[in-house]
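Participant: The primary structure of each chain is shown beneath.
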Amino acid sequence: MAMNPDKAGFIALTRFGYGPRGDGDLTAAASDPRGFLKAELAQPGIALLAGPSLPRTPIALQTLFADQVAKKAERDRLEKEKADMAAAAAAAPPAMMQAVATASMEKPGMEKPGTASMEAPRPQDMMQMPQPQKPPPPPSPEQAVFKAEATARLRRAVESRAGFAERLVAFWSNYFCVSANKSQFARITVGAFEREAIRPHVLGRFSDMLFAVESHPSMLHYLDNAQSIGPQSKAGIKSKRGLNENLAREIMELHTLGVGGGYSQDDVTSLARVLTGWTSVGANGKEGEAGAFFFNADTHEPGAQTLLGKTFPQDGMQQGEAVLIELARRPATAHFIAAKFARHFIADQPSDALIHRLAGVFQDTDGDLKALTFALVDSDEAWNTPLAKMRSPYEFLIAVHRATDHVPEDAGQILGPLNVMGMPLWAPPGPNGFADSVGAWASPEGMKLRLDLVAQYTAKMKDPPNPSDLLDALCGGAASNETRQAVAHAESRQQGLALLLMSPELQRR
Amino acid sequence: MSHLHDGARGSSILHPSRRLLLTGSGALFAWAHMPKFAHAAGARDPRFVVIVLRGALDGLSAVAPIGDPDYAGLHGPIALSLAGDHAALPLDSFFALNPAMPVFARLYAAKQAAVIHAVATGYRERSHFDGQDVLESGMPKPGFVQSGWLNRALEAMPKGERVSLKGGLGVGPATPLVLRGNAPVVGWAPQTLPAAGDDLAMRVMDLYRQADPHLAKVMGEGLDIDKIAMREMGEDTKPKGGADSVAGMRQAAQGAAKLMAAPDGPRIAALAFDGWDTHANEGGATGRLAQLLSGLDGAFEEFEKALGPQWNETAIIAITEFGRTAKVNGTTGTDHGTGTVAFLAGGAIKGGHVLADWPGLRPEQLYENRDLKPTTDLRAVLKGLLAEQFGLSEAVLKDRVFPETGGVKPMRGLIS
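Protein sequences appear in the order of chains P and W. Every number in the working numbering is 16 more than the matching position in the first sequence, counting from 1. Every number in the working numbering is 22 more than the matching position in the second sequence, counting from 1.
These are computed hints drawn from the structure, not numbers from a lab. Just so you know, not all the hints are guaranteed correct.
To be verified - List of simulated lysine-lysine pairs, DSS-like, C-alpha gap at most 27 Å:
no., chain 1, residue 1, chain 2, residue 2
1, W, K133, W, K431
2, W, K181, W, K249
3, P, K256, P, K198
4, W, K262, W, K327
5, P, K326, P, K302
6, P, K23, P, K250
7, P, K386, P, K163
8, W, K239, W, K181
9, P, K386, P, K54
10, W, K262, P, K198
11, P, K163, W, K327
12, W, K395, W, K181
13, W, K181, W, K327
14, W, K249, P, K356
15, P, K476, W, K262
16, W, K163, W, K395
17, P, K256, W, K395
18, W, K420, P, K476
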């Protein structure tokens, strides 16, 4: 690593973390970049996240179930009221009938039609005017929990020293993604899913993470396994319902072997049968704690299953556990993970040598993700490959907040821009997660949005620091002369900061 | 000198079409056989839109083969029918359209819309992501994601033509793969933010030109289209919904159409609508899929309205990576399948028919005993549209736009 020490420190913070914070971290990282990264990971529980506003999955789901019951009761009450009024109206004299009709036409909180004067704003103008009369309705439980989870995650990413552990969490969370957009169920559990199934294992064993993910209520719901029923199971024989192969396919295609990994349609269907019965307890709590994972023997397809040329004779849930362990140990899985890991941290087209080396470490250690991570940090490629990856919108916004020392009070400040930039938090377009390539994020519209966003962000800064000093603190000797000049010649502090945040040093990683 | 030489070589690799023009004879030969191009230099100014439906559309619920005796049994509770409150809209004596698409039905009756049924790309596995890569890259296999067929088609058009000067339009924060590549692409998406000042934009562009030419290229393209968008749409560009919502689909279509209608706007566009992966509770004439189809229907309507007179020269095709199982699954949805439909609409389309070599739905007629068997290659349809709309030659189509597809002949008679 014979390079400008600032450069090595900058790489440590940028390739592996969420970028420098300018609080002396560049100097700390520069003296021993590999040690700096490993030291962060050595802190006990570094990847865990907990807090009083972050409920366990069953508790979150019970809140949702209770809310659904309450809303249904309210709907029923209104229906009944309407029916009663209609009955009363039918029996009432004509004058009264009219009053009832008018009342039922009004929506709550709206002015009566006909009372607006000629000068009243047109409807589209009204939409944009602040409406102080009524406070907004309280957020629904899934929105409230989602926001609390998002706030905790964002604050952790902005505040952490290097952010390496958080980058690992984000990588694995995207690898095993669940989308909050699926339903209220998904939205209220997606944060807990990451805390319970991903975070405990990012430096642990892959097979443990795999099991935690595939048995989590959030994943079982997202990829429809919770409803899948073995056709020859007790419940299957009685009802007309049956298999859903969505989760089974994605486990092989996206979570383990990868698409060329040597499995067939028959293997997918076999795995779907193996996984029948993997579901979660419903609102009534009949089979256990409401909202918790449970194995339903009544919906599980009985008998041995053959998969990838092997027979799995186990009864019940052990069958699925055995298959997951088998899938985690396959060489195709090691290669698939090594390639994705290297592509994320090193380059869109990492060398075959690097992928091969990482896959070897994964296999030799039986999927020890800490060993895999350390092998990447120890590689030469990590330090001599140009920082040519493009930060995703999420990575970029976290880097901006770190660079400007701005810990978000509320997730909304970041969630809105993320939606605009096409990367809504925990809501990827499909189960393959968000894209991980330069081409996907360095798009014409995407770059223009970054510019508009940065212009707005810097214009709002109350007490902007000197941009040249900030550039020094963040990048030191790693900043290019072009960026240095552009920042120094800006016409205002805000503009200088905008140029700094738009510079390749902040866009690339 | 050697530096210059490298530069020149590099650019000819990046732009093979330029090399083709410079060598002369090939391009001249092509011109002689393209009557439409001679015309295009004058009045004709064709437009072409590709809508990618991500997640695999159930073609049997979008355009139902009501006349097939096995259909109702296979699609079970979600099968469409000509009776009842939400009766399907008959297209002919055999096929009926999902009732969520009244605009498409109207265009079809006016012979401005057509359906291709039992269609698929050459991809025969069932991974969404590989399927989409094949659909959009136009390559025979997954794993090639450097460029899309629409971009390569654009690149193959003679330089100086309006269509190639204006480049392609990618709608949404990220450009769909089908339009990525060497030919110039601009991007547009509904916008919530006030635009940055020109001075800042200029300075950032200066910095990128010196320090990061790739970022300079993409940022430049983003700033260019923004100017047209501001002129054509003013402030009316607040996002109304995501790419899987009815309002979001309409708005994306309307924005694209306004830009394409502008004299200096792009002539080719790609949009992507999400959410078609209906594994559970798919619904039939109403429900989740019907909701999505009504979004697509709304998009056709917005194109028709906002393109104005240019609608007559426009061809739109909506395509998806593959179909879904013919038989409904255990959770009232459908799993990943093979054959499906493609929707064609636009004033330039010779419409009013469903084109299908119907394979039948009996178990032995299904692909691998489970999916609608594809009998039409989607690439023949796409080649046919590119050939008739832009005069691209069969040789260009098989060598550059859809490599290794010599056996797939362009389908003729799609454009009026």
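Participant: Each of the hints needs a verdict: does it hold here or not?
Facilitator: So, going through the hints one by one against the coordinates:
As the CA atoms of K133(W) and K431(W) are separated by approximately 24 Å, the hinted pair is consistent with the 27 Å bound. Restraint check for K181(W) and K249(W): satisfied, since their Cα atoms lie roughly 23 Å apart, inside the 27 Å limit. With a CA separation close to 25 Å, the supplied pair K256(P) and K198(P) stays within the 27 Å bound. Annotation: proposed proximity of K262(W) to K327(W) holds, straight-line Cα distance about 18 Å (limit 27 Å).
Our distance criterion of 27 Å between C-alpha atoms is broken by K326(P) and K302(P), whose separation comes to about 36 Å. Of the pairs offered as hints, the one joining K23(P) and K250(P) is violated, with about 64 Å between alpha carbons and a cut-off of 27 Å exceeded. Taking the CA atoms of K386(P) and K163(P), the gap is about 30 Å. The hint is violated against a cut of 27 Å. Restraint check for K239(W) and K181(W): the C-alpha separation of about 19 Å stays at or below 27 Å, so the hint holds.
Between K386(P) and K54(P), the direct Cα distance comes to roughly 10 Å. Compliance with the 27 Å bound is thereby established for this hinted pair. Taking the CA atoms of K262(W) and K198(P), the gap is about 19 Å. The hint holds against a cut of 27 Å. In summary, the hint linking K163(P) to K327(W) is not supported, as the alpha carbons are separated by about 39 Å, beyond the 27 Å threshold. Between K395(W) and K181(W), the direct Cα distance comes to roughly 40 Å. Violation of the 27 Å bound is thereby established for this hinted pair.
Restraint check for K181(W) and K327(W): the C-alpha separation of about 30 Å exceeds 27 Å, so the hint is violated. Of the supplied pair hints, the one linking K249(W) and K356(P) is violated, its CA atoms being roughly 38 Å apart against a limit of 27 Å. Between K476(P) and K262(W), the direct Cα distance comes to roughly 26 Å. Compliance with the 27 Å bound is thereby established for this hinted pair. A hinted pair counts as satisfied when its Cα atoms are at most 27 Å apart, and K163(W) with K395(W) qualifies at roughly 19 Å.
For the hint pairing K256(P) with K395(W), the CA-to-CA distance comes to about 26 Å; that is within 27 Å, so the pair holds. For the proposed pair K420(W) and K476(P), the alpha carbon gap of about 54 Å is over 27 Å, so the pair is violated.
Comparing the model with each numbered hint stated earlier shows that hints 5, 6, 7, 11, 12, 13, 14 and 18 do not hold.
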